[in-house]
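**Q** The lines below spell out each chain.
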Amino acid sequence: MSNPTHDLERLISRCLDDECSPPEQRELNARLRRDPRAAALFEEHAALDREIKHALRSALHRTPDRHRPLPLWERVARVAVLAAAACLAVMFWFTSPRQPTTPGETTSALAQTHSWFAAPPAVGDTLVEQPERFNRPVNWVGKPKTDWIVVPTDQPGEFLVIEVNRVLTRSTRVRQDF
Amino acid sequence: MNVLTPPSNMNRMTDATVDAEMAHALIAQAQRGSRPAVDQIVRENEGWVRGVIYGTIGRADLVDDVAQQVWTQVWQRLGSLQDPRRLRAWLYAVARNAAIDASQDRRRRSTIGLDFVADGLGDNPGRGPVKSVVGDELRETLLRAVEALPALYREPFVLRHLEDWSYAEIGNLLGLSVETVETRLVRARRLLRETLQGKVEP
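Chains as they are written, first to last, in the numbering used here: chain A, 1279 to 1456; chain B, 12 to 213.
Hints listed in this document are in silico derivations from the structure and should not be mistaken for laboratory results.
Some hints here could point you the wrong way.
What the hints assert, rightly or not - Partial pick of chain B residues on the chain A-facing surface, computed with a CB cut under 7 Å:
| hint | residue |
| --- | --- |
| 1 | Ser45 |
| 2 | Arg61 |
| 3 | Ala71 |
| 4 | Arg150 |
| 5 | Tyr178 |
| 6 | Val211 |
What the hints assert, rightly or not - Covered stretches of chain B (chain A as the covering partner; in silico rule of three or more C-beta atoms under 8 Å from a C-beta of chain A):
| hint | stretch |
| --- | --- |
| 7 | 98–106 |
| 8 | 165–176 |
| 9 | 189–199 |
We put the CB at the ideal spot given by N, CA and C, even for glycine.
Generate coordinates for the entire structure from the input sequences, incorporating the hints supplied.
**A** Spelled out as structure tokens, the structure:
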């Protein structure tokens, strides 16, 4: 024969561990509503669980309640703060001085209107933007190979011999730009 | 009735497969001697390994030392892990054995354990009934209550409360059925309630 207190304890334990089904949850809620002793037992177990969890995590150097979801008000407050910061940043961007866009404007004007957020003014010739990444081949010297270029001269039987020492090359990708 | 059925089994299975593959790759890298991979394994598993150590020896002050031994052994023996899917079980065995060894060592060397037991909850008549204890004293009281639990109940209880693991996860690690895990948690709670009666305000 099952013990009613033990059954209630089992139900409380399951619900505290997020293991109970919706019908079990409803059953527990109904029992808590109609039986003050059951409600007291639940409160006692819930408080013990909360405190022990905190104590264990503190003792073993863990964040006290790392899985705890933030309360709604805190989430709303965080979003509001982020939104306000974004608005301020946009306002600051639009109200900050701009750098001149026409070449006729003077250097002094540039100096006066220079913004920390603007690109630095171009000096001298037009700058050609370099690609961010490029592969620079490195020559790896392998076995040299010699070629001869034979050129006949004006005199019959005479040849100009050009010796060409060629190296075999191959390209390799380097991870570091030297 | 299966109360743990997730809303989308398919997504969960896909996630699990991806996780398993990533874990497999991570372990393979660690076995080849990649320090970052080993670091990541430590980071991902440190919490529950500490829980297992604490659950086994029931001494919070020994957890750091034993955990260090465990990770040293893991670093040395990771190559012997044949099946990466068994990582958790393998780590559990290493952690539990190290904790048991440390506990036996401690017992052999001194009688400090006896002092600890003598000072346990309910055995100290000098304290008297205290309705509510706050701060450190409360924490100490609660830890002593957990440490006074039989290891049988303490292990699943610590894993549940330290890591928020489900019954199924705890059962997988400890080699127990979900029902057994549940029963042990109920009994652990009952014992704690009896021991701590009136010491924690609801």
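**Q** Give a verdict on every hint.
**A** Hints, one by one, checked against the model:
no., hint, result
1, Ser45, "violated (18 Å)"
2, Arg61, "holds (5 Å)"
3, Ala71, "holds (4 Å)"
4, Arg150, "holds (4 Å)"
5, Tyr178, "holds (6 Å)"
6, Val211, "holds (5 Å)"
7, 98–106, "violated (count 0)"
8, 165–176, "holds (count 5)"
9, 189–199, "holds (count 3)"
Hint check: violations occur at hints 1, 7; the rest are consistent with the structure.
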